[in-house]
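Visitor: Spelled out from the first residue to the last, the chains are:
Protein chains: 2
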Amino acid sequence: MNAPMLSVAEARARILDGLRPCPPETVALSEAAGRVLAQPVRARLTQPPADLSAMDGYALRAVDGPLDAVLRVIGEAPAGHPFAGHVGPGEAVRLFTGSVLPPGADCVVIQEDVRADGDRIQLREAARAGRHIRRAGQDFTAGAAVLAAGRRLTPRDIGLAAAANHPWLIVHRRPRVAILATGDEIALPGEPIPSGGIVSSNAHALAALVRAGGGAPVVLPIAGDDPALIAGVVEASAGMDLLLTTGGASVGAHDLVQAALVARGMALDFWRIAMRPGKPLIFGRLGTTPVLGLPGNPVSTMVCAVIYLLPALARFGGEMREVPASEPAWLGAALPANDHRADFLRARLHRDGNGRLIATAFERQDSSLLSVLAAADALILRPPHAEASAAGECVSVIRLDLLGV
Amino acid sequence: MNAPMLSVAEARARILDGLRPCPPETVALSEAAGRVLAQPVRARLTQPPADLSAMDGYALRAVDGPLDAVLRVIGEAPAGHPFAGHVGPGEAVRLFTGSVLPPGADCVVIQEDVRADGDRIQLREAARAGRHIRRAGQDFTAGAAVLAAGRRLTPRDIGLAAAANHPWLIVHRRPRVAILATGDEIALPGEPIPSGGIVSSNAHALAALVRAGGGAPVVLPIAGDDPALIAGVVEASAGMDLLLTTGGASVGAHDLVQAALVARGMALDFWRIAMRPGKPLIFGRLGTTPVLGLPGNPVSTMVCAVIYLLPALARFGGEMREVPASEPAWLGAALPANDHRADFLRARLHRDGNGRLIATAFERQDSSLLSVLAAADALILRPPHAEASAAGECVSVIRLDLLGV
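For the record, the sequence lines run as chains A and B.
Read left to right, the first sequence gives residues 20 to 424 (my numbering).
Read left to right, the second sequence gives residues 20 to 424 (my numbering).
Please keep in mind that the hints were generated in silico from the structure rather than gathered at the bench.
There is no bait here: all hints are sound.
Computed footprint of chain B on chain A, listed as stretches where at least three residues anywhere in the stretch have a Cβ under 8 Å from a Cβ of chain B:
no.: 1; stretch: 99-105
no.: 2; stretch: 152-160
no.: 3; stretch: 195-206
no.: 4; stretch: 311-317
Using N, Cα and C, we set each Cβ at its ideal position, and we do this for glycine too.
One chain only, chain A, in its complex shape (with noise of 0.2 Å):
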């Protein structure tokens, strides 16, 4: 099997082109962080909804408060009672941080400022127009576009939509990835392992980054190596977004994942990319469903779950930022030139003395050493034909604890 040799960005482009947002759904503002919006939000009613006091203080007409000045206090409005009177000559009223205003008032003196003897005040610094005041609006007004569709809320802006009193919010629904991990040799955590076997370990990871861009996972069973069990299987990925197999997308004679789903009608694309680690993936679709066939490799999985898996989750979510971000770093020590495969190169970050960030590729780079995975901080961006590199000179990386994975 001859398949071409796919660069990184045409896989990444190949996937995306034909993947939708999810639908929307309506869901609690309580439950909404963390969601992609789908509509903006928009703000139902203006903020402050009047002028408000910025401070504790007086409310008092500019023109009655030069220094030194006595008024009368003819009552007070704390927050959420407002003064039911007139502010006129001489007169000042009682507020505290977010009492509106009163009419006839045009600034507030802080307490600080003030001398005060029973219901009389004197001020210790002049009065000035406009002074302490939130005006009415100046945070946002009734119909402005607080939140942007396709914006991942953060609980800051859980705080803003909920300021514009949204109770529900409309976001795309997450969507459902189903995730097969096949093989006779691998055997769940705490399950008897076969003989020459090893412990599963790509399900749940990769249940856990589907969490982490936004996705419900669904772990379904393992399949063996028995093309009749993973198509059995396979049927269970029905009503999914996207069906995710690790595993099975090599060329050797048992890797059964590719024949099976062909077999169940997968107009398949198998994609040998010009990456390191991972270079086998299967891209199709199983009736509308989009298959995407990772590694059965621990490290070449979560690399190219990274790489392919995540954006697809972004594109999925309605998301309107890049996927996986990259930035730039300095080489801690030096590297070698790169062949034609685009390197993902596992490597810790630290910061020298003036800030800069700087990136150390791990010594071992072998794909099968997970412990070095789970122990990096950010992967290299090594191009195809990189020349080698010295220490201190700038590379992109990615930053996994900025993608939560």
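Mind docking chain B on chain A? Use the hints.
Guide: For chain B alone, coordinates are given in the frame of chain A:
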């Protein structure tokens, strides 16, 4: 009330001083991502468990493998099905990635370097002892601590813990955080808003932040400005790891939270902290429950939550890393000299042509502007008495995206 003015570092140290990591609980591996390990994870097996083939190819004795040598294929060993026999002189066994190296063999020749004809292969590349073999234990050995206590588990860590054969992990229980918003003037989104009132945005923003920080929030009903109501709701905080209040942390006569808490026996510290936004803070204990009283202003509350609550959650969670982490950035616009209060300026981030992180403070820093807070990528840290800074100068920033808030 003339409370002393504390520095940010002092206030944080005092809060953290009395907090202890939550006790451990057992969770399923599949639920453990984002949790913090209470014990190291020790590998229960050696990985790889035996010498394995790193490629699809043939196992043989390197001494039998000069260029063009012909060998007899005596069997095959798919991954998970070790070859039962022994590889003798002139013999080879067909292997696949992950297959156990059969006894007798000391190298693997990859299939691309072989011409196969029936049960004979001819080598198009000379064999080299040790080649294409993953040695037993090169990832980890049984008994080794593959993940340290205090680590917040990533999806990669889940993969590693699975590979180390752990179906269950022992993590710190999530801290339970009761959230009490007070004030006659506030109403939940969608509820009738009292005259002069505003929509409550703090409780659910804080709940989302607590979740992002690894805690389990419990949002208490809003308590009006009535000490009896507040005290009653506070009863609901029994069994919580932390009671968080918002609103009422000020010196005004209508700030009743302190009074109500003190009346219930709370040992109270009222702190004016030399910071902006978010000067006033209450800290104390109600019985054994620590109480953190955040300001009512939404922006002050969220900034204080980043500065004090996130590290408290990390402490409860048993986490080792510093929270919130800061990193260097370069000013996109000049900043004026600062007064005696530490300032946390809401700012946007971008990268310049050299890849440097540029932080530009928003023009409008009024602490009532939730829309500005939500749009911010970072907080620029301005120490007390910082001198005026020109564009291009280096400052510290807290990246809010990194914190998931």
